[in-house]
Each structure stands twice: as C-alpha cells, then as structure tokens.
Amino acid sequence: MNILVFVETSEGKIRKTSLEAVAYAHAMGGTVTAIALGKADANELQSIGKYGATKVLHAVDSKLDQHVIQVYSSVLAKVMQDENADVLVLANSSLGTPVAAKVAIKTNASFASNVTELPNTSAGFVVKRSIYTGKAFANVELKNAKKIIAIRKNAAELKEVGGNAPVTNYNVSLNDADFNTKTLSSEKATGDILLPEAEIVVSGGRGMKGPEHWGIIENLAKALHAATGCSKPVSDMGWRPHHEHVGQTGVKVAPQLYIAVGISGAIQHLAGVNSSKCIVVINKDADAPFFKAADYGIVGDAFDVLPKLTEAVLAAK
Amino acid sequence: MKILVCISHVPDTTSKIAFVENNSKFDTTGVQFIIGPYDDYALARAIELKETMGATVTVLNVGTADSEPTIRKALAIGADDAIRVNAVPTDSLFVATQIAAHAKGYDLVLMGRESIDFNSGVVHAMVGEMLGIPSISPVMKLDIDGTKVKMTKEIEGGKEQVEANLPLVAGCQEPIAEWKIPNMRGIMSARTKPLNVVEPQSIEVSVVNKSFELPAPKGAVKMISADNVAELVTRLKTEAKVL
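From first to last, the protein sequence lines stand for chains A and B. Numbering of the first sequence is given in the working numbering, commencing with residue 137 and proceeding in unit increments. Numbering of the second sequence is given in the working numbering, commencing with residue 1471 and proceeding in unit increments.
In isolation and in its complexed conformation, chain B is listed as follows (with noise of 0.2 Å):
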C-alpha cells in the first residue's frame, strides 16, 4: 500500500501572532515552526499502518526552503520518502492543485482536518474532488479491511461510522493515533532519506490575501468577590447584557 501523507509548516501552537510590512505579511520573529498539529496525528497512523500492515509512506508539503527541517521531522518519524512542492502556499486551491498533481497512484492520502494558519479546513476535499475520490474529515479512527477502510467521523455533538473504499483522502484529528517523537536512529536515517524538491503546477489565482489584522485588544478584567456571586449575574445582565 502507498500512503501519501501531507504536512503543513505552521507556527507552533504558542506563538504570538504578528504582521509586519504594513500587516501585508507574517513575523516570523522568534516563532518556532512546527509540523501541524493535525497533520502530525495523520503522520503517526500513516507509520502505524506501515507497521502493521506494510505500506510506504511518503510526506508531502508545498513550501519554501524553510519547511525543509520540518520535512526531515516528518521523515525522521518514519516516513520513507519526501516531495517538497516549491512554492509558497498562497491559499487553499493552491495547496489542493500542488497535492492533487503528485497524489495519483497513493491508496491513502491523509492529511490533518485544517493547517493551524489559515484554519480553511477543505484541501482534503478539493483534493478528493480533484481525483475524483472520496474524502472524509475529521476523522478520528481509521482502520483498513483489504479495499475497505473504516472510519470514525466527528460531526457536531457527536461522531458518526463510516466506510469507503480505496483509495480515498482523510482529514485526520486525535485520537486518530498517539503524536510520534523520533528517535535518534530516525533523526540519523532521514537525513539520507530521499526529499525531491519539485515546481509548483501554474493555476490562475481565485483568491488573495489583501491584508491582515489583530483582534481589538480586551478591557480589564472586572474582579468580583467569590462572597458576592450574585453581583457577577447583574452585571452579566445589565452591563454586558449577554444573560
């Protein structure tokens, strides 16, 4: 089986945001880059079916030069083999486009449920439509059964069973498998480890980022004794007017 797991280079999740060039563009002062936190699940049952069951696994992202360590993170974790999209990832059809070109011939194309930068949580369906092949998300379990795979969904309030056939595209969440830290042989073999360094496909642009911004900064916090709750219901009724 061949299993094409794509990864996104994002800020760690406890970076503060900033913008700079007149908020056309992201500070990456002191931010740490991190493999997305989703794609990390979907990175760990990808190498728990290559365990289990045999398969290749090959890691996948549309970035600069940059994403590089994080590729080697992904490889070190046990991935067999790399492509590094050359491009910056301007906006989700972009990222789709660049994943679908290179997914034809994987049985399994997993995923995290959205990137952690942009949040638009829908490459795994642009790409499933692109190929012409289902896709699911969130998917929190996700067993194989020869052709058939068999998966638990979250939907809102709850989850749901549901089964396809391969080859499909999953956007994964936890606990989907336990997040995998390499090891030192791993850090040692990925840095053998094939990373093909390929060029973006050209698609015309649908949507561009103009500009971004910071959410208002918050008043002060009004402190009210624990001895005097009922004050906090008061104020939540007339002041705030959200009771």
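This is chain A alone, in the form it adopts within the complex (with noise of 0.2 Å):
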C-alpha cells in the first residue's frame, strides 16, 4: 500500500498535526511518502522521517506560501497519481480537510474526515469518525480503491520510529486558474500556543466576571504552557476572540489536559471537550453540571484557587 501525507508547515515549521498523520500513515503500514508545500525548514522536512516517512517530497514556489486551497488541491491530486498513492493522509485542519475533499473529486477517492482511530481493514477498509461534536462514533467504510483519511488530533501517538529521510524537490507546475482566491492580509496571534494543537487547554466562562480578570486564566495557562481558551458567553460578549471558544459552534479541543475555570458546562461547550484525555472543573458553584464531566474537581471561587493553583504548578517543576 502505498500511503502519501501532507504536511502542513507554518512559518516553515511541520505542524505537530501533520507529524501525527505521518505516525498515523507508518502504524497503518506500507510506504509512507511525505509531501510539504511552500516554506519549510530543511531540517524539519529531514526529521519526518522519524516519524516514518521513508520519503519527502518539497514543493518549492512561493506562490505556495499564500494556503490557497485550490492550488494546493491541484497538486496533490497530482502528487497522488505520480506516487501511485492508494490513500493520502493529512490532519484535519483548516487547510487540511477541504484541500482533502477538492482532492478527493479530482481523484475518485472515499473520504472521511475527523478520523480518531487506526482503519479496520479486516471487513473491507473501516474508518472511526467522530460525528454529533463528539458526542458519538460512526464506522464508515470506504469504498473506492483510493482514500483520503483527515485524521483528528491524538489519532496516532508520535513516537520516534526512524532515522532522517531523503528529502527531493517535486518540481510543481501551477495553474493560473486554481490561484480564483486571493489571501490579502493574515492576523496570527504570536507566541501563543494554538488551541486546535495544545497539549493543556486553560479555558474561563462568565464565572471570571470580566476580561480584565484574564491574567489569572493567561498565569496559569504560562505556567503549564498551555493554550487559553473560552466558553461562548465569553467569546459573544466580546471578552476574548472568537478563535478561543470552545464548543461545539467553536473550537473542538482534544488536548491531554483540560481545566474549566468558571464554566458552568453547557451541553454544547461539552461536545467541544469531550475527548479530552482528562478535565478538571473549577468553579463555586458545587452544583455545575460540568463536575459530572470531569476527572478532578474544586469547588472554590476561581480568584482564591487559580494563583495558589499556578503558584503549585510552578512549585512541582
């Protein structure tokens, strides 16, 4: 089987997403042949062998830079015929998954998104997706001789499982017409850890009474190297931006670590977090619906718990 990956890079840097979905393509077994579009870093394209790539591919253009979905759809498509790829892998991501249905049209391929397991392969090619925002699974069988699988995030432990791969140039031509959507301008918040990706997740609701009252989430949050997130009072009422809540009309979160701060734990801002590996709600009020989801709970009023909190966690390192 042959097994193409997209890696996504990011100011040149291969996405901890996208290294997943090289782990994900290796534990399927076959060959597993990576492709990076645009930017990247050298180094970075050579250690994605360690993940299990036997071979990278780099497209080098800047017109490459810009994300256009469209474009980068046009290359895959072709990547995956010149490999004679049997199914292609990447991570569902803002890219990653319409990139993944363009390419799934140009090339007769079943495609599944939001993929949280290895495939079943013992009856027929058997994917495990999540649907209902978490709130359930559907075995979906893909049908057509090539497949696409956008896998969610933890939907492969990345442990190191080879050396350096060989990284060769993939000579791209471009089409003109794929470039019918022009980026003009991008705002990234800098130096903060991406939500989609964090490994801890430090979210308030209403229950921190403002946002000026952040800095005690933002304290805490440094001091695990956490992602900040919110629930959608917060983010409606204008006291963080909208790419922070978390929910089930926001970001869905999958981190090892989630810590409600104030949250009540509406069924929506459950559906958002409900594949975390382990929650943990603080809030005063003893009867928040949210400690039936957790593992830990305090109940105590954020202001008092969350310094003595992050002063213990700074203590234990």
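For the record, the hints were derived by calculation from the structure and aren't laboratory data. For each residue, glycine too, the CB sits at the ideal point set by N, CA and C. Among these hints, one or two may not hold up.
Stated by the list, open to error - Across the chosen pairs, the derived CB separations fall in these ranges: (1) B:1655 x A:257: 51 to 59 Å; (2) A:451 x B:1631: 40 to 48 Å; (3) A:310 x B:1649: 36 to 44 Å.
To be verified - With a Cα cut of at most 27 Å, we get these calculated DSS-like pairs of lysine-lysine: (4) B:1680 x A:282; (5) A:318 x B:1520; (6) B:1611 x B:1520; (7) A:324 x B:1611; (8) B:1611 x A:318.
Said to hold, decoys possible - Not everything, but these chain A residues come out facing chain B in the computed CB check (under 10 Å): (9) 230; (10) 248; (11) 269; (12) 270; (13) 273; (14) 277; (15) 346; (16) 433; (17) 434; (18) 445; (19) 447.
Dock the two chains into a complex; use the hints.
Below, the structure written as structure tokens:
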C-alpha cells in the first residue's frame, strides 16, 4: 500500500498534527511518502523520517506560501497520481480538510474527516470518525480504490520509529486558474500555543466576571505551557476572540488536560471538550453540571484557587 | 443577484445522542430538529444581502419530508422559495452532488461551515470543486462590491482577509450575521411560498455508515479541597499522568 501524507507547515515549521498524520500512516503499514508545499525548514523536512516516512517531497514555489486551497488540491491530486498513492492521509484542519475534499473529487477517492483511530481492514476498509461534535462515533467503510483520511488530533501516538529521510524537490506546474482566491492579509496570535493543537488548555467562562480578570487564566496557562480558551458567552460578549471559543460551534479540542474555570458546562461546551484525556473543573457552584463530566473537581472561587494553583504548578516543576 | 442557501436539518445542540436497531440508526425519540446553527448564520447573511442590495434567496435542503418544518422556518425568516431534494443525506459526496446539480446560475452559494450531525465540514469545498468556482470556509464576514467578494476567514489561532470573484461558495460561521427569528408575518407568508420537491441525482456510493457508537462512560469525579490545590497537581502528575 502506497500512502501519501500531506504535511502542513506554519512559518516553515512542520505542524505537530501533520507529524501525527505521518505516524498514523506508518502505523497503517505500507510505504509512506510525505509532501510539504511551500516554505519549509530543511532540517524539519528531514526529521519527518523519524516518524515513519521513507521519502519526503518538497514542492518549492513562493506562490505556494499563500495556502490557496484550490492550488494545494491540484498539486496533491497530481502527487497522488505520480506516486501511485492508494491512500492520502492528512490532518483535520482549516487547510487540510477542504483540500482533502477537493482532492477526493479530483481523484474519485472515498473520503472521511474527523477520523480518530487506525483503519480496520479485516472486512473492507473501515475507519472510526467522530460525529455529533464528539458525542458519538460512526464506523464508516471507504469503498473506492483510492481513499483519503483526515485525522483528528491524537489519532496516532507520536513516537520516533526511524531516522532522517531523504528530501527530494518536487517540481510543480501551477495553474493560474487555481489562483481564483487571493489572501489579502492575515492576523495571527504570535507566541501563543495554537488552541486546536495544545496538549493543555485552560479555559475561562462567565465566572471570570470580565476580560480584565483574564490575567490569572493566562498566568496558569503560562505555567502549564498551555493554550487559553473560553466558553461561548465569553466570546459572544467580546471578552475573548472567537478563535478561543471552545464548544460545539467553536473550536473542538482534544488535549491531554483541559482545565475549565468558571464554566458551568452547557452541553454545547461539553461537546467541544469531550475528547480531552483529563478534565479538571474549578467552579464555586458545587452543582455546576460540568463536575459530572470532570475527572477532578475543585469547588472554590477562581480568584482564590487559580493563583494558588499556578504557584503549586511552578513549585512542582 | 441570486443566492442559494443550503441548510441541514439536524438535532438541536442540546440533544442527547442515542442509537437504535443494533446501533445502526439515530434515535429520534424526543429529539427536536432545527436548521443547522452554522446554516442559520448563512441564511441570516443572505437575508441581510437581500435587504441591502436586492437579491432572491432560495433555500435548498437534501432531506425527507421530515425536513419540511425546518425548510418552512427558513422561508419564514425571509427566503423566497425552497427546493427539497427528496433523499436521506447519506454522506458529504451525496449531499454535495445534489447541491451542485441545482447551484448552477446562482451568484452566491452559502451554507454553514459544517453540519452538527456528521461534522464533515467539506460539502462547501466539494460543491466548489464540482462547479469549478472558489469555495471559502469558515467565513466570519462577507461583503460584496460589484463582482468582488471580500471575506474574513478563520484560521487556527487567527484570521485571514480573502478576496474572490462571484460566483463562489462560502461555508459560514458566526459572527457573519445575527441569527434571525421569524415574525408572525413571515410565518404566515411562508405557508404559501413555493417549496419544490425534486428527486435526487443517483451516484455511486463511496462511503457507507456501518454502525454507530457512543463514547465510553466517564468515571466519577474526584473532588479536591480548594485549600489543598497542590494535591491536584500531584494527582495530575502521578495518577492521571497528564503533567
């Protein structure tokens, strides 16, 4: 089985979820080829081999740095053909998923997004995918000869299985018609840990009483090397930006540790966090429904508990 | 301008999810169905565009007769007419194929970034690909200037300003518009607006839902005293092994 993995880069660095995609492809068995499009650090490209790729392709063209979905899908469909790939694996992301959808149409591939586990090939090719915003799973069979799988964070364990892999330049011929959308500018939170990829997330809710109190959330997040999130009312009120809104209609997260502070635990919020490995709830209302979904709970005032918790985290380092 | 808004008919966000018939079918008992929340934003923006620049708004749903109250609600909110493709929406490719078959001739095709039942988040991209026009998602702001469309799109940890020409497909999310609630006049007029039922295009099935399952139940919460938060750190390190 020939497996192609699309690795996403951000500022030249390979994104962690893409390395998980490489590890996932390796665990599937078969030959794993990775491809990066646009600006990418040479050492980073070589190190993809550590996670199971035997060959790394790099398409260099400054026009690829804009992350135009149509362009990426045309290039990937061509690479799939050139490499005779049976399966394309990539990360479920704002770039990866729509790119995969277009490649699926171009190559007549069966496609599943939000995949959480390795395929079961004992009867057909069945993958498990998250549905109802993490409230359930569907086992879906991919029937076509070519298959595309967009994996969710933590679908594969990131462990080193090999050494550096050779990196080969892949020549692209870009079609002007594919540049039918233009990115005019982009604003990105700098220095922050991206919420969808974070191993630890500290989220605040209405119990924080106002944006001016977010410092104690940020202090704890900093001590834990965590990303910060928030509940829907908090982003609706403009206390925090929308891209920090965790929940059914916001960002779905799957960290090792999710700490919810002053969030009561509406079903829509739970839907966005129920894939977390461990959930800690801090709330002064002992009857907050979130405690039922938590692994650990503290009934207490955030303004009292959080500084003490930050201190304890720093002391334990 | 002609706008097509594609809506899904999905369980309310507070619904308890369960399956019946040996985990092969969603249990609809006691479940209230609504317009997909993201689709509701798409519809609201379409109605705003109709009010500010003049447009006709057609709503499309791929669904059985059970979807009709949801479609009528969209008409009550302000859509002019509706198309129901008479089929069970089995997978993204099937839904995208049905939409693409009706979307030619529209300047703007709006829908939610994803449905909240199957969460694939790919129908807009597939429709764009099938029609050979740009598709952008998730769009938080969308303004039209002649044939140019300026959009703000969310990316991981930030946003991008994007521009494309009509026609295009956009997958929408908040805060693109304020949700609209139908008023009595809208509800009355929705009863007589055209709702055309059409039969689906047949396509070869590429993805089959074999079975459904629920996540494993959680164990009981372990409570820790607010006076002893250091114990939490110890437990997260040694017991849960997440630090």
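Cross-check of the supplied hints:
At about 57 Å, the CB distance of residue 1655 of chain B to residue 257 of chain A agrees with the hint of 51 to 59 Å. Here the CB-CB span from residue 451 of chain A to residue 1631 of chain B is close to 44 Å, well matched to the stated 40 to 48 Å. Taking the beta carbon of each, residue 310 of chain A and residue 1649 of chain B are about 40 Å apart, inside 36 to 44 Å as hinted. A threshold of 27 Å between alpha carbons decides the hint, and for residue 1680 of chain B with residue 282 of chain A the separation of about 19 Å falls inside it, so the pair holds.
With a CA separation close to 25 Å, the supplied pair residue 318 of chain A and residue 1520 of chain B stays within the 27 Å bound. Only pairs whose Cα atoms come within 27 Å are accepted, and residue 1611 of chain B paired with residue 1520 of chain B is accepted, the gap being roughly 16 Å. Using a Cα cut-off of 27 Å, the hinted pair residue 324 of chain A and residue 1611 of chain B holds, with the two alpha carbons roughly 17 Å apart. Distance check on the hinted pair: residue 1611 of chain B and residue 318 of chain A sit about 15 Å apart at the alpha-carbon level, within 27 Å; holds.
The restraint placing residue 230 of chain A at the interface with chain B holds, with a minimum CB-CB distance near 5 Å, inside the 10 Å limit. With a cut of 10 Å, the hint placing residue 248 of chain A at the interface with chain B holds, because the nearest CB-to-CB distance is about 6 Å. A hinted interface residue such as residue 269 of chain A counts as satisfied when its beta carbon comes closer than 10 Å to some beta carbon of chain B; here the least separation is about 6 Å, so the hint holds. A cut of 10 Å between beta carbons decides the hint on residue 270 of chain A: the least distance to chain B is about 7 Å, and the hint holds.
Checking residue 273 of chain A against chain B by beta carbon gives a least distance of about 5 Å; that is within 10 Å, so the hint holds. Of the supplied interface hints, the one on residue 277 of chain A holds, with its beta-carbon coming within about 5 Å of a beta-carbon of chain B, less than 10 Å. Interface restraint check: residue 346 of chain A against chain B, minimum CB-CB distance 20 Å, threshold 10 Å, status violated. Hint on residue 433 of chain A holds. Least Cβ distance to chain B is approximately 5 Å, under the 10 Å limit.
Against a cut-off of 10 Å between C-beta atoms, the interface hint on residue 434 of chain A holds, since the closest Cβ of chain B lies about 5 Å away. Here the hint on residue 445 of chain A is kept, as its CB sits about 5 Å from the closest CB of chain B, short of 10 Å. Interface restraint check for residue 447 of chain A: the shortest CB-CB distance to chain B comes to about 8 Å, inside 10 Å, so the restraint holds.
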